[in-house]
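Asker: Sequence:
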Amino acid sequence: MAAGINILVNDGGAPARIMKVANAGADLDAGTIVVFDGTNVVAADEDLPSLLHAIGVLFVDATSGDPASVLTGSGIICYLKATGTIASGDKLGHDASGLAKVATTADERFAIALEAKATSGTHSGFVKALLL
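Residue numbers for the sequence shown follow the numbering used here, beginning at 4 and rising by one.
Okay, derived cross-link-like pairs now, EDC-like style, lysine to aspartate or glutamate, Cα gap no bigger than 20 Å in a straight line: (1) Lys23 / Asp69; (2) Lys23 / Asp64; (3) Lys94 / Glu118; (4) Lys23 / Asp40.
Since the hints were derived computationally from the structure, they do not count as laboratory data. Remember, predicted model here, so these are calculated numbers, not experimental data.
Using the sequences provided together with the hints, build the complete structure.
Answerer: Here it is, written out as structure tokens:
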């Protein structure tokens with residue numbers, strides 16, 4: 004778990020919402036890109052371009068069976084759990100575990116990296132991003 008890390012930087016105003024969509028289908032970390040599987044909120048397990056199923060980013064850690072709070076909407080600046088090397092300005096999608104990754108030309112963009120992925124400090128393993 005992300006141990007209480009604050010992932011929200013700026014909510015982007017009116018288009019952004021924090022919603023309890025459903026219960027978590029598994030233990031999930033804040034900053035994970037998630038989908039609603041018809042019953043539960045789970046990590047986005049489908050790689051792009053099926054990103055259209057992503058409903059947002061998990062706001063706080065969630066334990067399986069407990070309510071899952073999801074950041075949803077465009078214009079949100081937040082920290083995403085990430086994998087691989089990410090530089091400021093990279094277009095981001097997600098991998099098969101709901102982690103942000105550099106988008107390929109075939110991928111749908113989910114966010115833009117505003118900073119390089121952190122490798123140390125409080126947000127190590129996260130990237131500051133603007134959700135599209």
